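Just so you know, the protein sequences line up as chains L and U, in that order. Residue numbering for the first sequence follows this note's numbering, starting at 1 and increasing by one per position. Residue numbering for the second sequence follows this note's numbering, starting at 1 and increasing by one per position.
FYI, nobody ran anything at the bench for these hints, they're computed from the structure. Fair warning: there could be bad hints in the mix.
[To be verified] Chain U residues, not near chain L, derived (Cβ > 12 Å throughout):
| # | residue |
| --- | --- |
| 1 | Arg-27 |
| 2 | Phe-32 |
| 3 | Val-35 |
| 4 | Gly-36 |
| 5 | His-46 |
| 6 | Arg-109 |
| 7 | Val-115 |
| 8 | Leu-130 |
| 9 | Glu-143 |
| 10 | Arg-164 |
| 11 | Arg-168 |
| 12 | Leu-186 |
| 13 | Met-197 |
[Unchecked claim] In the DMTMM-like style, the derived pairs of lysine to aspartate or glutamate whose C-alpha atoms are separated by at most 25 Å in a straight line are:
| # | chain 1 | residue 1 | chain 2 | residue 2 |
| --- | --- | --- | --- | --- |
| 14 | U | Lys-2 | U | Glu-157 |
| 15 | L | Lys-411 | U | Asp-64 |
| 16 | L | Lys-411 | U | Glu-9 |
[Said to hold, decoys possible] Simulated DEER-style distance windows between Cβ atoms:
| # | chain 1 | residue 1 | chain 2 | residue 2 | range |
| --- | --- | --- | --- | --- | --- |
| 17 | L | Pro-121 | U | Leu-40 | 30 to 38 Å |
| 18 | U | Asp-89 | L | Gly-244 | 35 to 43 Å |
| 19 | L | Asp-66 | U | Glu-131 | 33 to 41 Å |
| 20 | L | His-141 | U | Thr-83 | 48 to 56 Å |
Please read all numbers here as calculations on a predicted model, not as lab measurements. Ideal Cβ placement from N, Cα and C applies to all residues, glycine included.
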Amino acid sequence: MEYVIIGNGIAGTSAAEAIRRLDRQGAITMIADEDEIPYCRPMISNLLAGDIAAERLAIRPSSFYDDLNIKPVLGRRVQSIDPAAGKVRVGDSDLIVPFDRLLIASGADPRISEVPGSQLPGVFCLRNRSQALDIMAAAEHGRKAVVVGGGLVGLKAAHALQSRGLQVVMLIRSAHPLRLQVDASAGRMILAKLREHGLQVLVEAEVAAFEGSGKVLENIVLADGQKIPADLAVIAKGVAPAAGFAADGPIGLGPGGGIVVNNTLETTVPGIYAAGDVAETMDVARREKRVNAIWPEAVEQGIAAGFNMAGRRVAYRGSLSRNVMRIYGLDIMTAGVVEPPAADDSYEVVAVTDKHRDIYHKLVFRDDRLVGMMLINGIEQGGVLLSLIRREVAIVEKKERLLEPGFQVGKLMPQYFK
Amino acid sequence: MKQVQVHPERCLGCMQCMLACATAHSRTKSLFTAVGESPLPKPRLHVGAGSHDEGFPNRCRHCDPAPCLLACLPGAIFRDPDTGTVLVDPDLCINCASCAMACPFGVLRYHQDWVAPAAKIVAQKCDNCLERQHEGLIPACVEVCKTGALTFEESDEALRRKTREVARSVSMGMEEQPLIPTGVQLLRQAKKQRFEMRCR
Ligand SMILES: Cc1cc2nc3c(=O)[nH]c(=O)nc-3n(C[C@H](O)[C@H](O)[C@H](O)COP(=O)(O)OP(=O)(O)OC[C@H]3O[C@@H](n4cnc5c(N)ncnc54)[C@H](O)[C@@H]3O)c2cc1C
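Generate the whole structure from the sequences, applying the supplied hints.
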């Protein structure tokens with residue numbers, strides 16, 4: 001059996017390990033752009049902050065490829081896939097790799113900025129280790145930084161640059177940060193906290209251009225004409241599935257631009273699988289196909305894809321959007337549907353606030369199922385709530401009880417554990 | 001292998017286990033001096049109220065596969081191969097709370113600890129008192145539990161013992177043996193009734 005895996009991120013890595021648990025003989029080739037030992041992508045922001053050394057990013061031993069008897073083809077990009085012939089073309093070269101089973105685990109690419117000047121040196125993205133190192137080098141000489149985007153990566157980038165001693169301005173299009181994760185009241189709480197910690201945040205700000213004389217970035221120009229001086233800028237406008245090489249073949253893409261998979265992680269083409277940030281899966285809370293580009297999903301999908309590729313049928317239960325972040329003195333944990341559609345009365349919202357402890361907790365139910373949560377501070381029991389969402393159990397007690405102080409797993413009725 | 005077994009139906013919520021746990025994980029290992037330590041030692045298991053306000057001891061189940069271990073970003077959570085215990089390496093932990101999001105039992109907490117790098121906040125959870133076990137002692141929470149809500153035994157032995165207890169409690173001719181000691185039953189009943197009165 002010839003297995004080929006595109007990408008050495010956590011989805012590809014987890015899949016390779018799962019395959020090897022079942023199949024010691026088959027040949028595994030991993031083709032990946034980044035010439036690295038598998039490393040922890042989320043921790044590049046800790047690297048940028050100066051909290052950890054670059055060596056600490058690796059999450060597998062340097063003998064990883066040897067240990068698992070994997071043929072690594074690193075520093076090369078897959079250009080195209082020929083599903084009918086069962087072949088992958090690497091680069092624009094002659095290297096053609098045949099496969100019996102293919103896993104696409106190419107992750108996601110940062111959304112780039114189309115505005116003039118976004119190619120200037122000093123304008124960065126934060127997606128991989130080498131970009132983090134480039135930003136660190138630029139920050140050595142810089143004093144002022146701008147972060148474009150108020151999502152999770154934007155916040156982490158801003159926090160990291162502040163830790164490096166830079167003055168940071170964050171530009172966000174919406175009225176508050178984390179627009180995709182939290183509602184407006186939580187957004188206002190978070191905004192106030194960021195400002196308290198010395199981050200300058202401009203809301204409803206649209207970037208019109210990156211401006212520089214010669215080869216260095218000097219200003220970010222906003223649509224209203226305002227100019228913000230900056231030595232470096234990080235663009236964090238979210239990510240899109242890295243599925244370009246599959247765009248005009250028979251492999252089906254979904255509305256989110258990801259590669260659509262079924263509950264065995266197989267794409268619309270038999271023998272070809274996808275997992276991680278590139279895959280579009282059934283979201284258990286929303287009940288629709290969605291790209292949930294998060295680490296724990298990439299792990300689970302990678303393992304499930306690997307088992308299925310090696311012949312053990314395992315059913316993947318579907319994905320759930322979820323995030324946790326402890327930053328700027330706030331603990332934020334969110335999952336599933338946080339803002340239900342207003343017109344739909346099958347949804348019910350239960351919320352509590354505690355001004356003294358800076359707590360705002362909100363649960364979203366669809367009929368008798370919990371389908372979403374948003375916890376601002378007091379996140380210890382978030383995993384219990386999240387497991388109720390993931391397991392799609394019918395909630396039998398009064399919904400408010402799940403948010404009472406002292407709630408923990410022992411409060412739940414025993415029927416949840418059958 | 002012997003494991004800590006939890007029998008919530010016997011818990012009275014006295015929280016002695018929490019105190020014993022915090023002491024066992026202190027630098028000085030004595031309650032008298034532990035209370036003066038900085039950082040203040042904290043328990044790894046948590047007694048909360050159950051569905052009817054009875055006691056409920058909640059500790060790490062050392063699941064296999066462990067959701068926290070799979071979700072851990074820096075690879076700080078690992079399994080001790082000899083005992084199956086799921087442990088956190090405080091040097092590697094980055095305090096991201098990914099484990100709290102993954103744990104369906106809500107047992108993770110984040111605070112300083114004397115074995116962690118100074119002033120660093122790290123994920124904390126039950127470690128099965130491996131250090132005590134090395135010295136031939138049983139886990140501190142079990143040692144101190146007076147009602148048998150926490151026991152240290154093989155899991156099939158625990159199951160057999162429970163079966164025996166149930167059988168005995170319904171068998172005629174045997175010496176009368178209530179399933180749960182009468183005192184424990186009474187106290188739990190009282191808590192439950194109080195709860196129900198409040199709900200009315
Ligand atoms: C700064 C930052 C912080 C984050 N924090 C969190 C967090 O706290 N929690 C969380 O859950 N998630 C977080 N994430 C997201 C998380 O990192 C991703 O969900 C996860 O890494 C996805 O893994 P993957 O294997 O699917 O893809 P990736 O890690 O993107 O790996 C894909 C690999 O494939 C390579 N590749 C792409 N195209 C090709 C090609 N054509 N040929 C060959 N190779 C190719 C890429 O170069 C890459 O190395 C964070 C991300 C960033 C950038």
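> Is it true that His-141 of chain L and Thr-83 of chain U lie within 48 to 56 Å of each other by Cβ?
Replying inline: 52 Å, holds
>> So Phe-32 of chain U supposedly isn't at the interface. Is its beta-carbon more than 12 Å from every beta-carbon in chain L?
In response: Check passes; 29 Å lies beyond 12 Å.
> Does the no-contact call for Gly-36 of chain U survive, Cβ to all of chain L over 12 Å?
Replying inline: 26 Å, holds
> Beyond 12 Å from every Cβ of chain L: is that where the Cβ of Leu-130 of chain U lies?
Replying inline: The assertion about Leu-130 of chain U holds, with a minimum of 24 Å to chain L.
> Is the Cβ of Arg-164 of chain U farther than 12 Å from every Cβ of chain L?
Replying inline: 22 Å, holds
> So is Leu-186 of chain U really clear of chain L, every C-beta pair being over 12 Å apart?
Replying inline: At about 20 Å from chain L, Leu-186 of chain U clears the 12 Å cut-off, so the statement holds.
>> Just want to verify: Met-197 of chain U was marked as not at the interface with chain L; is every Cβ pair farther apart than 12 Å?
In response: At about 17 Å from chain L, Met-197 of chain U clears the 12 Å cut-off, so the statement holds.
>> Does the beta carbon distance between Asp-66 of chain L and Glu-131 of chain U stay inside 33 to 41 Å, or does it fall outside?
In response: 35 Å, holds
>> Check the hint pairing Lys-2 of chain U with Glu-157 of chain U against an upper bound of 25 Å on the C-alpha distance.
In response: 9 Å, holds
>> With the threshold set at 25 Å, check whether the alpha-carbon distance from Lys-411 of chain L to Asp-64 of chain U stays at or below it.
In response: 24 Å, holds
> With d taken as the least Cβ-Cβ distance between His-46 of chain U and chain L, does d exceed 12 Å?
Replying inline: 7 Å, violated
> So the hint says 35 to 43 Å: do the beta-carbon atoms of Asp-89 of chain U and Gly-244 of chain L match that?
Replying inline: Holds, at about 39 Å.
When the structure is compared with the earlier hints, violations turn up for hints 5, 6, 17 and for no others.
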